[in-house]
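**Student:** This is what each chain is made of:
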Amino acid sequence: MLSGFDFSVITASLPFIREGLLFSVKLTVIAMTGGIIFGTLLAMARLANLGPLSLAATWYVNLMRSIPLLMVILWFFLVIPLITGTPIGAENSAIVTFTAFEAAYYSEIMRAGIQSIPKGQVWAGYAIGMNYWQTMGNVVLPQAFRNMLPILLTQTIILFQDTSLVYAIGAKDLLKAAEIAGKNYNRPVEMYVFAAIIYFVICFGLSYIVKRLQQRIAIIR
Amino acid sequence: MAMIEIKSISKWFGQFQALKECTTQVDKGEVVVVCGPSGSGKSTLIKCVNALEPIQQGEIIVDGIRVNDPKTDLPKLRSLVGMVFQHFELFPHMTVLDNVSLGQVKVLGRKPDEAAENSKKLLHRVGLSHHAHKHPGQLSGGQQQRVAIARALAMNPICMLFDEPTSALDPEMINEVLDVMVELAQEGMTMMVVTHEMGFAKKVAHRVIFMDAGAIVEDDKKEEFFGSPRSERAQQFLSKILHH
Amino acid sequence: MAMIEIKSISKWFGQFQALKECTTQVDKGEVVVVCGPSGSGKSTLIKCVNALEPIQQGEIIVDGIRVNDPKTDLPKLRSLVGMVFQHFELFPHMTVLDNVSLGQVKVLGRKPDEAAENSKKLLHRVGLSHHAHKHPGQLSGGQQQRVAIARALAMNPICMLFDEPTSALDPEMINEVLDVMVELAQEGMTMMVVTHEMGFAKKVAHRVIFMDAGAIVEDDKKEEFFGSPRSERAQQFLSKILHH
Amino acid sequence: MNYHWNWGIFFEQIKGGDETYLDWLITGFGWTVSVSLSAWVIALLLGFLVGTIRTAPSPWLVRLGTAYVELFRNVPLLVQMFLWFFVVPELLPRDLALWVKQDMPAKEFITATVCLGLFTSARIAEQVRAGIGSLPRGQSMAGLAMGFTLAQTYRYVILPMAFRIVIPPLTSEFMNIFKNSSVAFAIGVLELTFQARQMQEDSEQGIETYLAVTVLYFACAFIANRVMAFIEKRTQVPGYITSAK
Amino acid sequence: PAAAQELTGTMKKIKDSGAITMGIREASYPLSYLDDKQQPIGYHIDVCNKIVDAIKAQLKLPALKVQHQPVTSQNRIPLVTNGTVDIECGSTTNNEARQRQVAFGLTTFVTNVRMTVKKASGIKSLSELGGKPVATTTGTTSVQLMRAHEKGKGIDFKEVYGKDHADSFLLLETDRAVAFVMDDNLLAGLISTSKAPNDYAIVGEVLNVEPIAIMLRKEDTQFKKAVDDTIRGLMKSGELEKLYAKWFMSPIPPKNVNMNFPMSDLLKQLIKSPADAPAEAYNKKS
Ligand SMILES: Nc1ncnc2c1ncn2[C@@H]1O[C@H](COP(=O)(O)OP(=O)(O)OP(=O)(O)O)[C@@H](O)[C@H]1O
Ligand SMILES: Nc1ncnc2c1ncn2[C@@H]1O[C@H](COP(=O)(O)OP(=O)(O)OP(=O)(O)O)[C@@H](O)[C@H]1O
Ligand SMILES: [Mg+2]
Ligand SMILES: [Mg+2]
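Chains as they are written, first to last, in my numbering: chain S, 1 to 221; chain C, 1 to 244; chain B, 1 to 244; chain H, 1 to 245; chain Z, 1 to 286.
Think of the hints as simulated: they come from the structure by calculation, not from any bench. Keep in mind that this is a model prediction, so the values were computed, not measured. Glycine is no exception: its CB is placed at the ideal position from the N, C-alpha and C atoms. Just so you know, not all the hints are guaranteed correct.
[What the hints assert, rightly or not] Simulated coverage check for chain H against chain S, where a stretch passes if three residues somewhere in it have a Cβ under 8 Å from a Cβ of chain S:
#1 64-74
#2 77-83
#3 204-217
Based on the sequences and whatever the hints tell you, model everything.
**Tutor:** Encoded structure:
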């Protein structure tokens with residue numbers, strides 16, 4: 001069967017795949033940026049003693065982390081139109097869902113990052129007269145972010161792979177594009193192998209960057 | 001004239017009482033050394049002075065401002081009180097110069113240029129002009145602690161708190177930090193210093209406070225303390241610490 | 001009779017030469033103190049003695065065994081050499097008793113009961129009989145270091161290496177550890193001790209080695225070292241360290 | 001939304017059979033749990049093995065471990081599942097391939113379990129390596145200095161503490177494995193997601209179906225979390241601060 | 001006259017928003033799928049485009065925007081009911097269970113559920129499948145149909161599942177299954193694009209007759225009338241048969257192969273007398 005590999009399907013469907021890949025990348029970048037920002041706020045809410053707000057943040061994070069992403073994608077897609085009154089389209093829905101979902105994971109990472117900063121650093125910030133937000137913004141978060149950069153990127157690699165789940169609501173990412181091409185030409189094996197290679201190259205490239213970054217950071221400390 | 005007044009303060013961590021009715025005061029220009037066994041509450045006491053730890057009873061007044069008053073602008077108060085920590089607590093992601101400038105820009109609202117100018121002067125004063133553009137991780141412990149002192153001085157504090165500033169240092173580096181502190185004391189800075197360096201205490205302290213189990217056990221003129229401490233606990237402590 | 005012979009050893013970490021042609025020896029029953037500025041290679045030197053760090057040149061012979069011979073049974077050799085670390089390095093997930101017994105059971109092949117019996121004796125000796133069932137995290141630094149000494153002694157070592165055993169301790173606790181070490185020395189244990197506690201050196205050392213930048217700069221009888229160190233670097237170091 | 005709700009659907013008989021939809025979901029849940037737990041065992045064993053190898057003194061072992069991790073974590077699970085099922089057997093000798101494809105008992109289950117186990121083991125290996133790396137270097141020195149061999153040092157000193165340190169990320173991974181097991185439907189394991197698709201297609205009560213399935217997955221993750229919290233509590237070292245909570 | 005009537009439901013929504021959302025499938029060959037440029041094409045897409053043209057004319061909305069929303073068999077019904085999709089142009093079977101949630105246009109295609117095998121196996125009937133692995137696609141109901149069929153009674157099938165039709169066909173192709181049970185038009189499409197189309201045959205009993213139709217929201221008479229009128233027109237004018245010939249009897253993208261799938265008698269009859277009855281009406285005996 002492998003000898004019967006027909007790689008002409010790949011060349012024929014390249015434009016298709018490129019579009020899917022672009023969407024995967026776009027979704028990853030937006031969800032990462034939004035997720036880290038929202039996740040950091042969640043982490044801060046959890047760590048500060050804010051009563052109901054901390055509790056709500058904790059619940060949100062635990063709930064999101066306990067439901068398969070696939071289900072979250074479906075629910076958001078079905079429920080958002082009921083809230084907003086108008087359908088927002090599969091791609092927008094995917095962006096909202098991924099940002100909200102990944103925020104829960106990023107928030108756990110940022111929480112660990114913030115907790116990894118010695119308490120003395122916060123005291124030192126306060127001691128020169130900075131307030132909570134200044135201390136967070138200038139002292140704690142920049143360090144937490146640096147410390148956690150490798151883990152944040154690892155999570156982003158997972159996020160990139162997870163974009164394949166948007167097939168459930170009909171958005172076309174890299175894997176979906178490959179699958180459709182595979183179906184139209186009835187050559188699924190070729191397309192899956194091809195997708196595996198693309199994913200590997202991109203994710204491996206990213207984790208290589210992670211390693212290099214880790215070394216760069218190690219010099220500063 | 002009292003710069004820091006500590007009036008019968010108590011503090012609990014959950015069930016555990018870390019400070020028990022402590023009362024003392026530090027006058028303007030006075031240098032007070034605080035010593036005592038580990039866990040006796042020394043660090044806690046001085047952290048209460050600039051409200052890094054809240055207190056549950058009593059009151060603390062710094063330069064006429066009630067620290068534990070909900071209406072007090074704590075950031076402002078803290079900028080008036082310089083603080084130096086045992087583990088330096090420099091910001092490792094910034095250069096030495098930025099460490100010293102940060103508070104001036106963010107808290108005092110100085111222009112970045114102006115702040116940098118001033119920071120360089122201070123770094124020169126602690127003997128580190130050549131290291132302004134390094135990161136803290138590239139300096140020795142003694143050098144880091146001198147940067148930390150410069151950072152505190154950059155806010156033009158009216159008094160300084162030190163929490164075991166030399167105990168994380170290699171023996172060789174202790175003196176380079178103590179020298180800076182002696183100089184500060186001789187210039188008339190009001191200082192409250194937690195330390196076990198009795199040499200420093202003998203040289204510049206006006207008074208020595210000895211703490212044990214959260215309480216202030218002795219609060220004497222330096223000469224009296226080293227002459228004949230009243231409590232047995234302090235005698236015992238001194239004998240252990242001076243022995244080697 | 002030489003227990004530890006160090007013959008012209010050199011060691012590199014990548015490009016960086018941490019030890020430069022170091023030669024010395026420790027006789028049976030002798031106590032040798034190693035001192036010198038931070039980064040001078042003291043820790044590296046004693047880690048080479050039980051092959052925790054490999055060397056690239058020269059040779060080390062412990063009790064007649066060539067340490068850097070590929071055929072040497074390193075675990076066996078190491079069990080003959082007790083070692084105590086600056087940060088204690090007790091195993092946090094085991095009780096104090098298990099910490100002391102583990103090596104006896106797994107390396108010496110003693111029965112668990114027998115090992116526990118022996119461990120209790122050793123804990124008694126370092127004054128910690130009452131803490132046998134606690135975990136290391138529940139003890140003070142001084143207590144942890146005494147457990148570490150008991151753990152090393154449990155293997156019946158023929159000599160002991162100490163790497164700054166007191167420098168992570170609160171001043172009050174230093175003596176409780178030094179006292180145990182003094183006792184060991186007086187019982188005739190062969191010891192190689194990296195420390196800045198000159199009081200200890202004056203009291204029990206036979207010889208003092210002074211290192212700087214990876215080289216052994218002085219290797220003198222105690223009296224000569226404290227009397228008049230030959231090198232300027234050592235004089236300078238001593239003056240800084242003894243001053244406060 | 002003019003949706004026709006029917007919460008009684010779970011108890012309705014399925015056309016042409018004597019089961020109810022609830023029976024389907026229960027079977028599916030059983031398979032989900034079996035796949036996840038079996039894969040978890042594989043993932044833990046291999047994860048700790050590979051993670052340990054990656055801290056070994058031999059550069060070749062380290063490279064081997066790194067290659068393993070990179071291979072299994074850089075391709076999405078769904079794609080791996082497919083490759084294991086459709087491509088790997090084609091690389092085997094003809095007779096063996098035929099056996100694997102037709103006669104091997106529980107072939108979908110085994111493929112899914114192995115695939116999920118290896119995928120998860122790569123992530124656990126990363127965490128274990130980080131856990132070992134976060135221990136003070138002095139700890140392994142202390143073990144060696146007592147005369148332990150390297151293996152003994154790992155067994156008695158390094159791994160027990162590394163395990164405790166990685167419990168929080170392991171908890172997430174344990175929760176994830178239940179969620180990730182849903183991908184097994186792609187090769188025809190009759191697990192929860194599979195049954196959900198089947199049920200929604202058959203009954204046309206999609207919302208009820210997905211709600212039930214969401215709740216079941218949530219329950220798995222929640223129980224996994226509690227189990228790990230229990231283990232974390234049981235293995236806590238007195239006087240030693242690992243993670244709070 | 002239509003203009004005088006007040007608009008309701010989907011027609012009002014289309015008029016107000018100036019847009020209509022068409023639900024499309026990605027690989028329901030050749031009813032509704034994507035070509036190389038990611039554009040939806042297929043028999044049902046053509047039918048829907050005719051409907052859209054008619055609505056444009058009726059509502060006097062020459063600039064009517066047509067949006068495409070890909071749907072799957074899992075989410076197509078919720079998407080129609082929650083208003084995301086106005087008209088689903090896929091390959092949805094009209095049956096009673098679905099009629100509880102949605103409405104269907106006039107039946108525009110009929111498929112028979114049958115099986116495909118490798119010719120070399122010599123299998124001709126359900127009754128020969130005892131103890132053999134049979135492939136179907138997750139989320140379809142073929143297994144129940146096999147069990148329910150008289151020839152299938154008492155036979156022990158070993159079901160294996162693909163997550164979509166291409167995977168299921170791969171199960172057959174790689175000898176993991178000896179037969180693949182599915183809608184015959186889909187089977188014909190898969191065979192025509194396979195590596196060796198001559199190796200496969202569609203054989204055996206018809207397990208079910210399924211009317212396929214365009215899906216709409218329920219209780220939306222104005223819109224359903226617009227849809228049905230258009231379809232009826234296409235049927236009367238013979239245009240529908242031309243569309244059928246275009247997609248089923250001539251080479252089609254992307255591979256330019258001809259499915260050669262002649263129109264079934266039932267569909268011919270339905271073109272003469274259009275109806276929107278559910279599948280159950282055609283399968284009374286089982
Ligand atoms: N955040 C905290 N939560 C609970 N207990 C605390 C906390 N901080 C300090 N303590 C306890 O309060 C007591 C006093 O602590 P403090 O740090 O002030 O002692 P110290 O005199 O500075 O000791 P050292 O010389 O070791 O620095 C100790 O018993 C300590 O365990
Ligand atoms: N694993 C290592 N890799 C690279 N360089 C190292 C390593 N360990 C030690 N060094 C370097 O070797 C030199 C000697 O280190 P060593 O720890 O022996 O010094 P030391 O005299 O014990 O100092 P200290 O008093 O600070 O403990 C230092 O410059 C150190 O940076
Ligand atoms: Mg303190
Ligand atoms: Mg050292």
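**Student:** Quick check: the segment 77-83 of chain H, covered by chain S? Criterion 3+ residues, Cβ under 8 Å.
**Tutor:** Per the Cβ count (6), the hint holds.
**Student:** Do at least three Cβ atoms from the segment 204-217 of chain H come closer than 8 Å to Cβ atoms of chain S?
**Tutor:** holds (count 5)
**Student:** Go check the segment 64-74 of chain H versus chain S for me, would you? Three or more residues, Cβ under 8 Å, otherwise it fails.
**Tutor:** Coverage by chain S holds for the segment 64-74 of chain H (4 residues, Cβ < 8 Å).
Checked against the numbered hints given earlier, the structure satisfies every one of them.
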